[in-house]
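Chemist: So the sequence lines, in the order shown, correspond to chains A and B. First residue of the first sequence: 1, per the UniProt record's numbering; consecutive thereafter. First residue of the second sequence: 1, per the UniProt record's numbering; consecutive thereafter.
Calculated from the structure, these hints are not laboratory results. Heads up, a few of these hints could be off.
[As the list claims (entries may be wrong)] Once the Cα atoms are required to be at most 30 angstroms apart in a straight line, the calculated BS3-like pairs of lysine-lysine come out as:
no., chain 1, residue 1, chain 2, residue 2
1, A, K18, B, K41
2, B, K37, A, K14
3, A, K49, A, K35
4, B, K41, A, K49
5, B, K41, A, K35
[Stated by the list, open to error] Anything over 12 angstroms on all C-beta distances counts as not near chain A; from chain B, calculated:
no., residue
6, P42
7, G43
8, S45
9, Q84
C-beta: ideal position from N, C-alpha, C; glycine also.
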Amino acid sequence: MSSELTVSQADLDKLNDKDRAELRQFFANEEQRTKIQSQTHALTEVCWKKCVTSNIKSGALDKNEQSCLANCVDRFMDVNIATMRALAALGGRHV
Amino acid sequence: MDSEGVKQAIIRQTREANAQSNARLLIEGINNTCFDKCVPKPGSSLSSSENSCALQCMEKYLAAWNEVNRTYIRRIQHEVGNQQN
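Okay, chain A solo, but in the shape it has when bound (with noise of 0.2 angstroms):
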């Protein structure tokens, strides 16, 4: 970690209005930055399983590999999307 002084109690008083809005708005994108990142992360595990099939030969994806990760990453949303539309239409004829 950095070896500045971590931010106190104390400190937090001083922020102004105009720096705890542009602090809450930081705030929100990191968190945006951060889910998808974390998605990045389980969609990548789970693609490389279904597109990198055979042994490693280069650091570089090959054209298969490159397309079979984008259409894995599309076709996962698709599902994704289909599965919330079905548990909503569910939703509405049981709750």
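Add chain B to chain A, keeping to what the hints say.
Modeler: Positioned in the frame of chain A, the structure of chain B alone reads:
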């Protein structure tokens, strides 16, 4: 520290913490994936072919991560665009 200094310190520390946890997840993914791929039957030492496989696997995994990230972001933007229409 004034307000600006406190804000900058919080931003810097948050970025550092997030970058660190992203790197940790990436390393975990590489280790699990590439160990599985390159060392199917662990011997008494790591052979040179297992070692070079692991290095190429790491590079490939990073390339795969970037490809997945690019595609995923493109898709999210597409879905958000659809919602707004």
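Chemist: Does each hint hold? Answer for all of them.
Modeler: Going down the list of hints, with the structure as the test:
This hinted pair does not check out: A/K18 and B/K41 have alpha carbons roughly 59 angstroms apart, beyond 30 angstroms. Only pairs whose Cα atoms come within 30 angstroms are accepted, and B/K37 paired with A/K14 is rejected, the gap being roughly 53 angstroms. A C-alpha spacing of about 22 angstroms is found between A/K49 and A/K35, which places the hinted pair at or below 30 angstroms, so the restraint holds. The suggested pairing of B/K41 with A/K49 holds, with an alpha-carbon distance near 19 angstroms, which does not exceed 30 angstroms.
A threshold of 30 angstroms between alpha carbons decides the hint, and for B/K41 with A/K35 the separation of about 35 angstroms lies outside it, so the pair is violated. Every Cβ of chain A is farther than 12 angstroms from the Cβ of B/P42; the closest lies at roughly 17 angstroms, confirming the non-interface assignment. Non-interface status of B/G43 relative to chain A is upheld: no Cβ of that chain comes within 12 angstroms, the nearest being about 17 angstroms off. Every C-beta of chain A lies more than 12 angstroms from that of B/S45, the closest at about 20 angstroms, which supports listing it as non-interface.
The beta carbon of B/Q84 is kept farther than 12 angstroms from every beta carbon of chain A, the shortest such distance being approximately 16 angstroms.
Checked against the numbered hints given earlier, the structure breaks hints 1, 2 and 5 and satisfies all the rest.
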